[in-house]
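S.K.: One-letter residues, chain by chain:
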Amino acid sequence: MRYMDEFRDPTIAKALLKQIASLCEEIGKTRDEPIYIMEICGGHTHSIFRFGLDKLVPKNLEFIHGPGCPVCVLPMSRVDDCVEIAENENVIFTTFGDAMRVPGTKKSLLQAKAEGCDIRIVYSPLDALKIARENPDKNVVFFGLGFETTMPATALTIIRAKNENIANFSMFCNHVLVPPPLRALLMDEKMRLDGFVGPGHVSMIIGKKPYQFIADEFHKPVVIAGFEPLDLLSSVVMVLQQIIDGRHEIENQYGRVVPEDGNKAALDAINRVYEPRPRFDWRGLGEIEYSGVKIRDEFVEFDAEVKFKVGYGAGKGAGREPDDLLCGEVIKGLLKPVHCPKFGIECKPETPLGALMVSSEGACAAYYQYGGRREHEVA
Amino acid sequence: MEAPKFNKTNAKIVTLAHGGGGKAMRDLIQDVFIRDFFTEDTGEMEDQARLEIPPELSGARLAFTSDGFVVDPLFFNGGDIGKLAVYGTVNDLAVGGAIPKWLSASFIIEEGLEVETLRKIAASMRDAALKAGVKIVTGDTKVVARGAADKVFITTSGIGLIPNGVNLAASKVQEGDVAIVNGFLGHHGAAILQARGDLMLEGEIKSDCAPLGDLMAVAMAAGVVRCARDLTRGGLASALNEIADACGHVIELEEVKMPLKPEIRGFCEILGFDPLYLANEGSLVLFVPQQDAENVLAAMRGHEFGKDACIIGKAKLGNRPQVEMKTAFGGTRIVDMLVGEQLPRIC
Numbered sequence: 467m468r469y470m471d472e473f474r475d476p477t478i479a480k481a482l483l484k485q486i487a488s489l490c491e492e493i494g495k496t497r498d499e500p501i502y503i504m505e506i507c508g509g510h511t512h513s514i515f516r517f518g519l520d521k522l523v524p525k526n527l528e529f530i531h532g533p534g535c536p537v538c539v540l541p542m543s544r545v546d547d548c549v550e551i552a553e554n555e556n557v558i559f560t561t562f563g564d565a566m567r568v569p570g571t572k573k574s575l576l577q578a579k580a581e582g583c584d585i586r587i588v589y590s591p592l593d594a595l596k597i598a599r600e601n602p603d604k605n606v607v608f609f610g611l612g613f614e615t616t617m618p619a620t621a622l623t624i625i626r627a628k629n630e631n632i633a634n635f636s637m638f639c640n641h642v643l644v645p646p647p648l649r650a651l652l653m654d655e656k657m658r659l660d661g662f663v664g665p666g667h668v669s670m671i672i673g674k675k676p677y678q679f680i681a682d683e684f685h686k687p688v689v690i691a692g693f694e695p696l697d698l699l700s701s702v703v704m705v706l707q708q709i710i711d712g713r714h715e716i717e718n719q720y721g722r723v724v725p726e727d728g729n730k731a732a733l734d735a736i737n738r739v740y741e742p743r744p745r746f747d748w749r750g751l752g753e754i755e756y757s758g759v760k761i762r763d764e765f766v767e768f769d770a771e772v773k774f775k776v777g778y779g780a781g782k783g784a785g786r787e788p789d790d791l792l793c794g795e796v797i798k799g800l801l802k803p804v805h806c807p808k809f810g811i812e813c814k815p816e817t818p819l820g821a822l823m824v825s826s827e828g829a830c831a832a833y834y835q836y837g838g839r840r841e842h843e844v845a
Numbered sequence: 294m295e296a297p298k299f300n301k302t303n304a305k306i307v308t309l310a311h312g313g314g315g316k317a318m319r320d321l322i323q324d325v326f327i328r329d330f331f332t333e334d335t336g337e338m339e340d341q342a343r344l345e346i347p348p349e350l351s352g353a354r355l356a357f358t359s360d361g362f363v364v365d366p367l368f369f370n371g372g373d374i375g376k377l378a379v380y381g382t383v384n385d386l387a388v389g390g391a392i393p394k395w396l397s398a399s400f401i402i403e404e405g406l407e408v409e410t411l412r413k414i415a416a417s418m419r420d421a422a423l424k425a426g427v428k429i430v431t432g433d434t435k436v437v438a439r440g441a442a443d444k445v446f447i448t449t450s451g452i453g454l455i456p457n458g459v460n461l462a463a464s465k466v467q468e469g470d471v472a473i474v475n476g477f478l479g480h481h482g483a484a485i486l487q488a489r490g491d492l493m494l495e496g497e498i499k500s501d502c503a504p505l506g507d508l509m510a511v512a513m514a515a516g517v518v519r520c521a522r523d524l525t526r527g528g529l530a531s532a533l534n535e536i537a538d539a540c541g542h543v544i545e546l547e548e549v550k551m552p553l554k555p556e557i558r559g560f561c562e563i564l565g566f567d568p569l570y571l572a573n574e575g576s577l578v579l580f581v582p583q584q585d586a587e588n589v590l591a592a593m594r595g596h597e598f599g600k601d602a603c604i605i606g607k608a609k610l611g612n613r614p615q616v617e618m619k620t621a622f623g624g625t626r627i628v629d630m631l632v633g634e635q636l637p638r639i640c
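These protein sequence lines are chains A and B, in that order. Counting in this note's numbering, the first sequence runs from 467 upward without gaps. Counting in this note's numbering, the second sequence runs from 294 upward without gaps.
So here's chain A without its partners, still in its complex pose (with noise of 0.2 Å):
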């Protein structure tokens, strides 16, 4: 099948792997310690454990996975948030399907549902805005959730209503930057990384500019990548290279998606739609400033938030985190999946305690999903 049996071409593989063998004995000649790469995207995450790279590399080079999962980094606050808000009279209720089975500290948009509220799936926001125009006599909220890929979507749905004066649809807004949580990660004294492999959709939105400091105030190399196999391999491959030249660049693997400067017409429209908020709460990360954005004034009467007074809307902040649950050390990157004392055991994904294990992209997921599990029970 063109366009993907290209990226997963066995022979290329195995040549990469052999590059990247190499490449880690090299470095390993300098330094016992292994060499942790960090891939910031679920769907990277997702990738690794999907066709097995993980066990293909050598034992010197670890991958560490990141913060892009934006279900994942959601504090259980904003779900008690959304159930909240689907709990009101005359509300339908939106959303993608993967934050259905998000646990909140009180329930799941998936049981509040089966406790009668109108909660419905949609592919696509311009669906939540079809219901609203269908429903005139409801107010219809869709959760707007993602990092900069799904951004100028949202933004151009919530344009749309305005022009079309769609004043029964709302959306309750959780986007979240993917820059501001890794300075953040990168000032945390205990991440050792020594580079990344950059997002590719959010990289096709904002280009490579955002990830310029990491470059030079933090001296570490970052490759923007694709998700098949052969875009992660050569990659890393990438990545290995520049710490052997002692170089620390923004290059861009992924360049027939990735232009250098992004998208034009979609950065204007997040731009129109949305400023950052001075706050945000990330799961296990914390508060980060400027990490999130909020529907603009000019569009104010779409931002559930303010219509329904949840949130930072009625003056709150994420509320805490269960003591108990180890996700936020696990998504920085501290916690392999498999060494959480509840993965596998109380945290399943029939039974998930965060949403790390409830997301395709969340990293204990992929570990339960992909065979973790056998290291688990070994260990």
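Read the hints as simulated data drawn from the structure, not as lab findings. As the structure is a prediction and not an experimental result, all values here were calculated from the model. Idealized CB from N, CA, C, for every residue including glycine. Hints are supplied without guarantee of correctness; some may be wrong.
Here are the simulated lysine-lysine pairs, DSS-like style, with alpha carbons at most 27 Å apart [said to hold, decoys possible]: (1) B:K301 / B:K413; (2) B:K607 / A:K480; (3) A:K525 / B:K619; (4) A:K814 / A:K521; (5) A:K604 / B:K444; (6) B:K428 / B:K413; (7) B:K619 / A:K814; (8) A:K521 / B:K550; (9) A:K484 / B:K550; (10) B:K444 / A:K596.
What the simulated footprint calls covered on chain A by chain B, stretch by stretch (three residues with Cβ under 8 Å from a Cβ of chain B suffice, anywhere in the stretch; the number is not a length) [as the list claims (entries may be wrong)]: (11) 474 to 481; (12) 516 to 529.
Which chain B residues stay away from chain A? Per the calculated CB distances, all over 12 Å, these [as the list claims (entries may be wrong)]: (13) T332; (14) L344; (15) G371; (16) I401; (17) K413; (18) R419; (19) N460.
Go by the hints and put chain B onto chain A.
M.R.: Frame of chain A; chain B shown alone:
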């Protein structure tokens, strides 16, 4: 027995009166269902069907199974709820090595359903039963208020005869046994998702909806079959996990051998599905000893529902029962059971 004179119904839509047990109900049942399901040996119209085991199968064990069908939409590319209700139950019997013989069919109808729709479903069930070699011998009709069901739900139960000496079981799978599937995977699940239109993906993916009794008989005549499973909800991955648990072995699949058409791969890539979890309604996996594999494969390929049959992997010893996939470039991953995916009603 001669065909009785069937009463006719003039109704255009089903109303609660059709569930009342009176004349309206009798006319609807006779006109829509019995007319289609009636065969020469339907027998007397009593409150129960009376079944004769043919002399050549005397001493056979009975296989008995039941399945509910709630698919939405009712009609889709390659099938409809009626066909599904017949083949679904027939296939559950067939993969146990039974010869499917008799079905019951119970309908829960939402008031307001067009009688014409019901006629189409009944006609489809009649054709499917004919193709599968089974008779629909008993049934029931209930009508519920609008909103209490979605258009129509069907439950079929089936009885099949397991010939003497046949005893298929997943626990019998041994180290070295080969796993064979009868054709391309994932078409039913993809066809339903496409037919619902939510995804706004256009394409011509057709459900694989087919009866597997005859194919099973052909395979069993060609060699030893240890066990078989049809690959409905949860797809190949779930069926193999059940088999691994039952036999205690590792089932090792080879990614390059998976029978997947480009349209299914593309569909799955776009939506983030794994085709191994997509439902099928005319697909099965069977385990045969290595030395019988070629014979069974050849026999299956001579059958209309087995022409794309292929070997996908084998059972081997391991520390714990599980399904593993060897990826194209030598990696391995576990193929786990499906966990509560947000999929619409597919069967």
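S.K.: In ascending order, which of the hints set out earlier in this document are inconsistent with the structure?
M.R.: none
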